[in-house]
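Visitor: Listed below, chain by chain, are the residues.
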Amino acid sequence: MDALTPLSYEEALEKLEQAIDALQDGRLDLDRALKYYEEGMKLAQYCQDLLQKAELRVQQLRVTDDGKLESEPLDLA
Amino acid sequence: MLFPELEPEPSADWSVTQTVRYLKDLLETDEELQGIRVHGEISGCKVVSSGHCYFTLKDAEAQLQCVFFKHARLRSSAPELRDGMAVAASGRFSLYERDGKLQLYVEQIELVGEGALATRFEQLRARLKAEGLFDEERKRPLPIAPVVVGIVTSLQAAALHDMLRVLRTRYPLTEVVIAPSLVQGSEAPAAIVQALDRLNEHGEAEVIIVARGGGSIEELWAFNEEVVARAISRSRIPVISGVGHETDFTIADFVADYRASTPTAAATKAVPNIVDLQQTLQESQEQLEVLIEDVLLRCREDLEQAARQLERESPRSRLERLQQQLDGTTETLQSEMQHRLALQQERLKGAALSLHSLSPLLTIARGFSVVRRASEQSIVTSVSQVQPGDELAIEVTDGQISARVMTH
Numbered sequence: 291m292d293a294l295t296p297l298s299y300e301e302a303l304e305k306l307e308q309a310i311d312a313l314q315d316g317r318l319d320l321d322r323a324l325k326y327y328e329e330g331m332k333l334a335q336y337c338q339d340l341l342q343k344a345e346l347r348v349q350q351l352r353v354t355d356d357g358k359l360e361s362e363p364l365d366l367a
Numbered sequence: 011m012l013f014p015e016l017e018p019e020p021s022a023d024w025s026v027t028q029t030v031r032y033l034k035d036l037l038e039t040d041e042e043l044q045g046i047r048v049h050g051e052i053s054g055c056k057v058v059s060s061g062h063c064y065f066t067l068k069d070a071e072a073q074l075q076c077v078f079f080k081h082a083r084l085r086s087s088a089p090e091l092r093d094g095m096a097v098a099a100s101g102r103f104s105l106y107e108r109d110g111k112l113q114l115y116v117e118q119i120e121l122v123g124e125g126a127l128a129t130r131f132e133q134l135r136a137r138l139k140a141e142g143l144f145d146e147e148r149k150r151p152l153p154i155a156p157v158v159v160g161i162v163t164s165l166q167a168a169a170l171h172d173m174l175r176v177l178r179t180r181y182p183l184t185e186v187v188i189a190p191s192l193v194q195g196s197e198a199p200a201a202i203v204q205a206l207d208r209l210n211e212h213g214e215a216e217v218i219i220v221a222r223g224g225g226s227i228e229e230l231w232a233f234n235e236e237v238v239a240r241a242i243s244r245s246r247i248p249v250i251s252g253v254g255h256e257t258d259f260t261i262a263d264f265v266a267d268y269r270a271s272t273p274t275a276a277a278t279k280a281v282p283n284i285v286d287l288q289q290t291l292q293e294s295q296e297q298l299e300v301l302i303e304d305v306l307l308r309c310r311e312d313l314e315q316a317a318r319q320l321e322r323e324s325p326r327s328r329l330e331r332l333q334q335q336l337d338g339t340t341e342t343l344q345s346e347m348q349h350r351l352a353l354q355q356e357r358l359k360g361a362a363l364s365l366h367s368l369s370p371l372l373t374i375a376r377g378f379s380v381v382r383r384a385s386e387q388s389i390v391t392s393v394s395q396v397q398p399g400d401e402l403a404i405e406v407t408d409g410q411i412s413a414r415v416m417t418h
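Line by line, the protein sequences are chains A and B.
Residue numbers for the first sequence, in the numbering used here: 291 to 367.
Residue numbers for the second sequence, in the numbering used here: 11 to 418.
Hint data in this document are derived by calculation from the structure and do not stem from the laboratory.
Note that the coordinates shown come from a computational prediction; the quantities given were computed from them, not determined experimentally.
Just so it is clear, CB atoms sit at the ideal spot from N, CA and C, and this is done for glycine as well.
Keep in mind that a hint or two might mislead.
As the list claims (entries may be wrong) - Straight-line distance between alpha carbons at most 25 Å, and here's what the computed SDA-like set of lysine to any residue pairs gives: (1) A:K332 - B:Y64; (2) A:K305 - B:L165; (3) A:K305 - B:D400; (4) A:K343 - B:D172; (5) A:K358 - B:Q292; (6) A:K325 - B:E311; (7) A:K332 - B:K279; (8) A:K358 - B:C309; (9) A:K305 - B:P182; (10) B:K149 - A:E300; (11) A:K305 - B:E303; (12) A:K305 - B:E311; (13) B:K68 - B:S86; (14) A:K332 - B:E296; (15) A:K358 - B:E211; (16) B:K279 - A:K358; (17) A:K305 - B:R331; (18) A:K343 - B:I302; (19) A:K332 - B:S86; (20) A:K305 - B:V300; (21) A:K343 - B:S164; (22) A:K305 - B:L152; (23) A:K332 - B:I302; (24) A:K358 - B:N283; (25) A:K305 - B:Q295; (26) A:K343 - B:D304; (27) A:K325 - B:Q297; (28) A:K305 - B:K68; (29) A:K325 - B:T290; (30) A:K332 - B:I374; (31) A:K343 - B:P182; (32) A:K325 - B:C309.
What the hints assert, rightly or not - On the chain A side, residues computed to face chain B include the following (Cβ under 7 Å): (33) I310; (34) A323; (35) S361.
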């Protein structure tokens, strides 16, 4: 799971889809099939966890003194 | 003294021309009157063959003669004038010397009030539509699950809170980047344009929501301004508009890649629903289970097949096979032998039978006997074969009789 941590939800989802696609190839050897399966299950769980833990981040765009654009957290409460 | 030659002699009478020119001069040197905007209602409007347009501008208590020259008309963006229209006419005052008539020389006319906004709206809509800004082909697909959602709206607006609530509930994975902007008033259009451009420059948002809560047509007006429409159309990031209520349509709505009826609807459109995502993930997991089950089943089948094949090729089964072959052959051999034996027995029996039927013993048994010469055991079948005195052996059924030939 640690190896997955830097993945965004979208990246993880894409990898998950790739694992499913790979598993759908009927002539995979068992070893590789199991690897894809385990990876896919891990990714799905990782995505579920991300969804569960996600909290909306709200940023505000502002122009810095030297005219650059940057975003800073916005507290509306 | 500006025009000394026109200055009348004290107590001298003025000519008409002098008077008219003096008045004209007064008008044309008055700053206020040279750049004035007058509100009134059009009446007696006529366009003459030269293309110039004459009309009276009036309100409840007074009226003004106005002329709108063809060249000014063509330069302006004035709507087609009709009697009864409420307008703001901009121009300068002067005096038409020939008739001594005070006239407003119109440079620009704009409609005012409710009708004015509706007309401006229709004109801009028609123009931008003709330009192709509303074409379906221009509409870009929205991202399915944007990592960053940009929002252009006022930080104070209730609409913002509504949108954030929707985003938080539906898809808390996303990051919201707000480009704060005024959303009503004369400075709003420029502010909206700047906010849109900034989000594009910042470049992280994958979709932008331009939104404002409900309000009167005047309050929503910023979203009907051409600059806003152009900023939406040049945005590299797809734009969702969510302005006002269900029934409000703005120019921004027509240009946007997707028109949502309200800010809340816009936020809903911008992101997927987490419940659907969880469902999809669960389906993915189930699919993985099914797939790996298939793989395992296939492997098991392969294994069983291999085991069967191995079994077939094993020494033991070869031995068994050979044994079986041998058994088969032995059996064939035995049955062949028996067959032949039986055949031989049959033949023997037949031969014995024939032999028996030919046996002289049988003849003897019927009373015949065999006569042999005793000396040489040759069978005597004729008298010529014996001489008196020869010894004979006569064989009968139960033994032999010795005899001597007496005579013949």
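Visitor: Indicate, hint by hint, whether the structure satisfies it.
Guide: Results of checking the hints against the structure:
1. Between the alpha carbons of K332 of chain A and Y64 of chain B the distance comes to roughly 81 Å, so the proposed pair goes past 25 Å and is violated.
2. Taken as a hint, the K305 of chain A and L165 of chain B pair is broken in the structure, with Cα atoms around 38 Å apart against an allowance of 25 Å.
3. For the hint linking K305 of chain A to D400 of chain B, the alpha-carbon distance of about 132 Å lies beyond 25 Å, and the restraint is violated.
4. The hinted pair formed by K343 of chain A and D172 of chain B meets the criterion: a straight-line CA distance of about 22 Å does not exceed 25 Å.
5. Distance check on the hinted pair: K358 of chain A and Q292 of chain B sit about 43 Å apart at the alpha-carbon level, beyond 25 Å; violated.
6. For the given pair, K325 of chain A sits about 20 Å from E311 of chain B by alpha-carbon distance, which is consistent with the 25 Å threshold.
7. A distance of roughly 30 Å separates the Cα atoms of K332 of chain A and K279 of chain B; the hinted pair therefore is violated under the 25 Å criterion.
8. Taking the CA atoms of K358 of chain A and C309 of chain B, the gap is about 60 Å. The hint is violated against a cut of 25 Å.
9. With a CA separation close to 21 Å, the supplied pair K305 of chain A and P182 of chain B stays within the 25 Å bound.
10. Restraint check for K149 of chain B and E300 of chain A: satisfied, since their Cα atoms lie roughly 24 Å apart, inside the 25 Å limit.
11. For the hint linking K305 of chain A to E303 of chain B, the alpha-carbon distance of about 20 Å falls within 25 Å, and the restraint holds.
12. Between K305 of chain A and E311 of chain B the alpha-carbon distance is near 30 Å, which puts this suggested pair outside the 25 Å criterion.
13. Proposed proximity of K68 of chain B and S86 of chain B is supported: the alpha carbons are some 21 Å apart, at most 25 Å.
14. Under the criterion of a C-alpha separation no larger than 25 Å, the hint pairing K332 of chain A with E296 of chain B is consistent with the structure, at around 13 Å.
15. Simply put, K358 of chain A and E211 of chain B have alpha-carbon atoms about 10 Å apart, close enough for the 25 Å limit, and the pair holds.
16. Between K279 of chain B and K358 of chain A the alpha-carbon distance is near 31 Å, which puts this suggested pair outside the 25 Å criterion.
17. For the hint linking K305 of chain A to R331 of chain B, the alpha-carbon distance of about 54 Å lies beyond 25 Å, and the restraint is violated.
18. Between K343 of chain A and I302 of chain B the CA atoms are separated by roughly 29 Å; this puts the pair beyond 25 Å, and the hint is violated.
19. For the suggested pair K332 of chain A and S86 of chain B, the alpha carbons sit about 67 Å apart, so the restraint of at most 25 Å is broken.
20. Under the criterion of a C-alpha separation no larger than 25 Å, the hint pairing K305 of chain A with V300 of chain B is consistent with the structure, at around 18 Å.
21. Taken as a hint, the K343 of chain A and S164 of chain B pair is broken in the structure, with Cα atoms around 29 Å apart against an allowance of 25 Å.
22. This hinted pair checks out: K305 of chain A and L152 of chain B have alpha carbons roughly 22 Å apart, not beyond 25 Å.
23. Simply put, K332 of chain A and I302 of chain B have alpha-carbon atoms about 14 Å apart, close enough for the 25 Å limit, and the pair holds.
24. Note on K358 of chain A and N283 of chain B: the hinted pairing is violated, with a Cα-Cα distance of about 34 Å set against a maximum of 25 Å.
25. For the hint linking K305 of chain A to Q295 of chain B, the alpha-carbon distance of about 13 Å falls within 25 Å, and the restraint holds.
26. Of the supplied pair hints, the one linking K343 of chain A and D304 of chain B is violated, its CA atoms being roughly 33 Å apart against a limit of 25 Å.
27. Under the criterion of a C-alpha separation no larger than 25 Å, the hint pairing K325 of chain A with Q297 of chain B is consistent with the structure, at around 15 Å.
28. A hinted pair counts as satisfied when its Cα atoms are at most 25 Å apart, and K305 of chain A with K68 of chain B does not qualify at roughly 73 Å.
29. At roughly 21 Å between alpha-carbon atoms, K325 of chain A and T290 of chain B fall within 25 Å of each other, so this suggested pair holds.
30. For the hint pairing K332 of chain A with I374 of chain B, the CA-to-CA distance comes to about 115 Å; that exceeds 25 Å, so the pair is violated.
31. For the hint pairing K343 of chain A with P182 of chain B, the CA-to-CA distance comes to about 9 Å; that is within 25 Å, so the pair holds.
32. Using a Cα cut-off of 25 Å, the hinted pair K325 of chain A and C309 of chain B holds, with the two alpha carbons roughly 15 Å apart.
33. Look at I310 of chain A: its Cβ gets to within about 6 Å of chain B, closer than 7 Å, so that hint holds up.
34. The beta carbon of A323 of chain A is positioned within 7 Å of a beta carbon in chain B (closest approach about 4 Å), and the interface hint is therefore held.
35. Taking 7 Å as the C-beta cut-off, the interface hint given for S361 of chain A holds, the closest approach to chain B being about 5 Å.
The structure fails to meet hints 1, 2, 3, 5, 7, 8, 12, 16, 17, 18, 19, 21, 24, 26, 28, 30 from the earlier list, while all remaining hints are met.
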